[in-house]
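Protein chains: 2
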Amino acid sequence: MEVIDYRLMINQSSVIRKMYKNALDRAEQIGYENVFDYSLGNPSVPVPEEFNNEIIRLLTSEDSKHIHEYSPNAGIVEVREAIAKSLNSRFGIDYKSEHIFMTAGATSAIAHSLRCVTKQDDEVIVFAPFFPEYTPYVKLAGCKLKVVEPDIKTFQINFEKLEQLLTPEVTAIIVNSPNNPTGIAYSEETIIKLAKLLENKQKEFNHDIFIISDEPYREISFDNIKIPYIAKYYKNTLTCYSFSKSLSIPGERIGYIAINPECKDADIMVSMCVQISRGLGQNAPASIIQRAIVPILDKTAQLSVYENNMNILYDELIKLGFKCVKPNGTFYLFPQSLEDDANIFCQKATKYDLFLVPGDSFGCCGHFRIAYCVQTEKVKRSIFKFREFVQNEYCNLLNKEQSLILR
Amino acid sequence: MEVIDYRLMINQSSVIRKMYKNALDRAEQIGYENVFDYSLGNPSVPVPEEFNNEIIRLLTSEDSKHIHEYSPNAGIVEVREAIAKSLNSRFGIDYKSEHIFMTAGATSAIAHSLRCVTKQDDEVIVFAPFFPEYTPYVKLAGCKLKVVEPDIKTFQINFEKLEQLLTPEVTAIIVNSPNNPTGIAYSEETIIKLAKLLENKQKEFNHDIFIISDEPYREISFDNIKIPYIAKYYKNTLTCYSFSKSLSIPGERIGYIAINPECKDADIMVSMCVQISRGLGQNAPASIIQRAIVPILDKTAQLSVYENNMNILYDELIKLGFKCVKPNGTFYLFPQSLEDDANIFCQKATKYDLFLVPGDSFGCCGHFRIAYCVQTEKVKRSIFKFREFVQNEYCNLLNKEQSLILR
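As you go down the protein sequences, you meet chains A and E in turn.
According to the numbering used here, the first sequence is numbered sequentially starting from 327.
According to the numbering used here, the second sequence is numbered sequentially starting from 327.
With the rest of the complex left out, here is chain A:
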C-alpha cells in the first residue's frame, strides 16, 4: 500500500477552489454582484420551508433530551425506514431499513462504500470527466484509481476503453449519473450494456465487481426525462445519495448508502459500514437533521431554476460557436473551450469577470465547466460578458452569422 503523506497533499489544492478564490478577490474590487462566479457547485435556491419548519417543530414540541440523543451508528431506524419506503415507491426496489446506512453526505457514503467492497491495493475505475475528489477518496481508501477516457461526443461510456481497463484487479466502479461536470445522464441503453459487461466479467474473474453509484444530482433532471436508477439494472450496486443538492442543504451533511437487497452480502453491508465508521470517526449524521428530512423525502427545492439557467446559457453558447453536449440534469455545462488549453481559455475569461473551471482536473482537457447554480438574473447579464469575451479573444473563429449577433 502506498504511504500517504498528508503534508504533501496540502499544497495540491483544488483548481475549483482556486478559481472561486479568484472570483472572491475580484468581488472585493467590483462587488460580488458584478462577478460571474461559475466556479462552485453550491445550490442557489432555498431549502423547502417544510425542512426548517420540521426542525422548529421538533425543538418546540418534542422532548429536547430525546431529540438530541445519540443516533444508532447506522442512523435512526424510523428515518432509514422512511427512506427505504420512499425509494421503493419511486424505483420499484425492495429496500428494508436494514439496507439503508445514514451518512454525512455523499462524501461519507463513498468513503464507507469503498471500504465495504474493496481491499487494499484493489483497483477502482472512474469515467472521465469525473469529480476530482474521487482521486483522494480512492487513494486514501488504499486503492488504485483507473480512469476511462471519455467519449466527448456523447459523454456516454466509452466501452472500448473500459474493457481495456477492466482487469481482475478491479473490484469497484464509481458511476456518477447525472454527471458532474458534464450534466449528462447515462441512457438506459448505456446502463444495460454496462451491467451486462460487469456480469460477464464477474463470471470470468470469479469475483464480485461493485458499482458505487454516486447520485447527488439524481433529482435535477431536464426535459422531464426519467434518470434511470442504476441499482435497478445491476444487483451489486451501492447507491450513494446526498440531500445537499436536491434540498439545498449542503452544509447540513446528510445522505445515505442504499444497499441493493440483491447485492452480495446485502444483509451484512450496513453492519460492515458501522464497523468502518469506527475507523472513519463517523457516528451517524446529526440526529435533528436526520429527523427533519423525513417529511420531505419526496420533495425537492425549486430545481426548475437550474433548467432555466441551462437553457439560457446553452442556447447562447451554441450561437457563439461553442460545442457542447446538452445536459440532462445537474447544474453544470461542460463545453469545449475555444482553444486547446482550457487553462489559458479560463484565465482569459477572468478578464471579463467570468470565472470558469478548466476541465483538466476532471480528467478531460480542452473543456471547461460552468456551474450555473446562480441567480437567473445574473446568468442573463453574463451573456453579454460571454459575447464580449468571444468577440475580443476569438473573433477569428466566428462565422458571419455569429459576428452579426455580436454586433
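Honestly, the hints are just simulated from the structure, not real lab data.
Quick caveat: nothing in here was measured; it's all calculated off a predicted structure.
Treat the hints loosely; a few may be bogus.
Copies of the same chain are indistinguishable here, so a pair counts whether it falls within one copy or spans any two.
Said to hold, decoys possible - Pairs of lysine-lysine residues, derived as DSS-like cross-links and limited to a Cα-Cα distance of at most 25 Å, are as follows:
hint, residue 1, residue 2
1, 391, 706
2, 649, 422
3, 344, 391
4, 422, 347
5, 347, 391
6, 470, 558
7, 625, 445
Given the coordinates of chain A, assemble chain E onto it according to the supplied hints.
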C-alpha cells in the same frame, strides 16, 4: 500493516451495548421505569434552552440559503474564532482560529488526530481502564495499541508500567481525564510528571511524542475542583473535545480539535486534518449545529445533577463494603466488584434489575462501571436494589455494621 476484515469485526459487539440491550429487554417485561439501567453514557439532563433558541433564531431570522450552505472543511471561521477565544480566556492559551478544526464529536476528533501525528505501524499508548472504542480507533488508523496497566488504588498514571512501554515506536499517547470509566481526573502532579517524562523521551528518541487529550468530560467536575488543562503542561498536545456531554447533545455530533499553538507543525496541523477528511469522508459537522453552539460556548447543561447522583451512590456503595476511588467528575463510578469475575458479578446484578458493565472491556478486570446519568429519583430507588443484591448474593462478605444497615 495489519489487514482489516470488517466482516470479522461485526460479531465483536460492545459489552456496553449488550448490557443496554439486556436492560431494554427487561424493560419490555416490567417497564423501563423499573429497570436500573446504568449501562450507557447517555446524558440525562436537557440542553440549555439557548441552543434550541439559537437554531430557531437562525432558521427564522437569517437567510436560509446562507444558513444551510457548505461549511469550509475545517469549520466555519467565526465558530472556530469563538472557540479559540473561549479557550484562551478559560485556560490562558493563545489559540487562533487556525488552530481549531471542527469535528463531528470526539470520535471524529480522535480519528483525525491519530492520522495527523502517527504513521502506519506506529505504537499508541493508552492507560487502563480506557474507553473500549480506543482499540478500533487505533487499529483502524493503522497503529498498534499498547495498554499501560492501572494503579487501582488511585487511577493516576502507573509511571513504572508506562516507562516500560514507552519505546521509540511510540508516537502518540491518548489521555482521558476526567476518565471514562473511573471518573478520576489526573492531578496536576501527575500531568507535570507525564509532561516531563515525555519531554525527556522526545530528546532520547529524537522524535516527537504527541498527547491526544480526549476531554469530553472536561466540564463535569465535582467538589469545585479545577480539572488541569493538559495542553497547558505539554506543548505537543492535540485537545479533542466534544459538546455531547457538557451540552447534552450527543446526537448532534459536534466537537473540535484544538492544536496547541506551540505544538510541532501547529501551523499546518489543521490543513493536514482537512486532507485527512478527504479520506475519512468528513466535510465538517452540520453548519447549523456549528453556529448554534456559539452563544453557549461558556455554558453547560445542569451538570450538578451528576454530582448529586454520584454522592448518593458512592456513599451507599462504601457503606455496603465496596471499594471505590471517589470520582472527580464525569458520570461514572468504577468500584471493585464483590467477586473476582466482574462478568459474573454483573450478571448476578441483572437479577435485581441493576444493569452494570463489567470492567474487562475497559482493560481492568474485577471492577464494574456505573453510568449514573439517570434521573436522581431512580438513583435513589436503585439503592434498595443494591442492598438486596449484596445481602442476597454476598452476605458472607458483610461485617456486623453493614448487616445492620441492611436489616
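Results of checking the hints against the structure:
1. In the homo-oligomer, the alpha carbons of residue 391 and residue 706 lie at most 25 Å apart only across protomers (21 Å), although the nearest pairing inside one protomer, at 49 Å, exceeds that limit.
2. Within a single copy, residue 649 and residue 422 get their C-alpha atoms no closer than 45 Å, and across copies no closer than 49 Å, so neither meets the 25 Å cut-off.
3. For a Cα distance limit of 25 Å, the shortest separation of residue 344 from residue 391 across copies, 23 Å, qualifies, whereas the shortest one inside one copy, 43 Å, does not.
4. For the identical chains of this complex, residue 422 and residue 347 are inter-copy neighbours only, at 22 Å across copies versus 44 Å inside a copy, given an alpha-carbon limit of 25 Å.
5. In this assembly of identical chains, the alpha carbons of residue 347 and residue 391 lie at most 25 Å apart only when taken from different copies (20 Å versus 41 Å within one copy).
6. Taking identical chains as interchangeable, the C-alpha atoms of residue 470 and residue 558 are never at most 25 Å apart, the minima being 27 Å within one chain and 43 Å between chains.
7. In this assembly of identical chains, residue 625 and residue 445 lie within 25 Å of each other by CA distance neither inside one copy nor across copies; the values are 37 Å within and 45 Å between.
Consistency with the previously given hints fails for numbers 2, 6, 7, ordered from lowest to highest.
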